[in-house]
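Trainee: Could you put the whole structure together from the sequences, leaning on the hints where they help?
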Amino acid sequence: MVASATDLLIIATLATRGILMHPLPTAVVAILFAAAAVFCFLLDLIKVPLFRRLKIA
21 MVASATDLLI
31 IATLATRGIL
41 MHPLPTAVVA
51 ILFAAAAVFC
61 FLLDLIKVPL
71 FRRLKIA
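Going letter by letter, the sequence shown gives residues 21 to 77 in the numbering used here.
Keep in mind that the hints were calculated from the coordinates and are not lab data. Mixed in with the good hints, there may be bad ones.
[As the list claims (entries may be wrong)] Just the calculated beta-carbon pair ranges, DEER-fashion:
hint: 1; residue 1: 61; residue 2: 22; range: 19 to 27 Å
hint: 2; residue 1: 37; residue 2: 74; range: 41 to 49 Å
hint: 3; residue 1: 50; residue 2: 76; range: 29 to 37 Å
hint: 4; residue 1: 74; residue 2: 50; range: 30 to 38 Å
hint: 5; residue 1: 27; residue 2: 62; range: 20 to 28 Å
Here the structure is a predicted model, which is why all the values come from computation and not from measurement. No residue lacks a Cβ here, since even glycine has one placed at the ideal position from N, Cα and C.
Mentor: And the structure:
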């Protein structure tokens, strides 16, 4: 979990500082992180009942 958070921090730093790419506004990076978090929670809401129904876990 710590490694994933560190990766996200490094990627955000590279994106906002413009290292190896054009710099992105901080608001864009924050919106993308928020959208990814919402998508993750929505997938969990779908995944848990689906796994129970299919008896996967």
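Trainee: Work down the list of hints and note, for each, if the structure agrees.
Mentor: Hints, verified against the model:
{"no.": "1", "hint": "61 <-> 22: 19 to 27 Å", "verdict": "holds (20 Å)"}
{"no.": "2", "hint": "37 <-> 74: 41 to 49 Å", "verdict": "holds (44 Å)"}
{"no.": "3", "hint": "50 <-> 76: 29 to 37 Å", "verdict": "holds (34 Å)"}
{"no.": "4", "hint": "74 <-> 50: 30 to 38 Å", "verdict": "holds (36 Å)"}
{"no.": "5", "hint": "27 <-> 62: 20 to 28 Å", "verdict": "holds (22 Å)"}
Violated hints are absent here; each numbered hint is respected by the structure.
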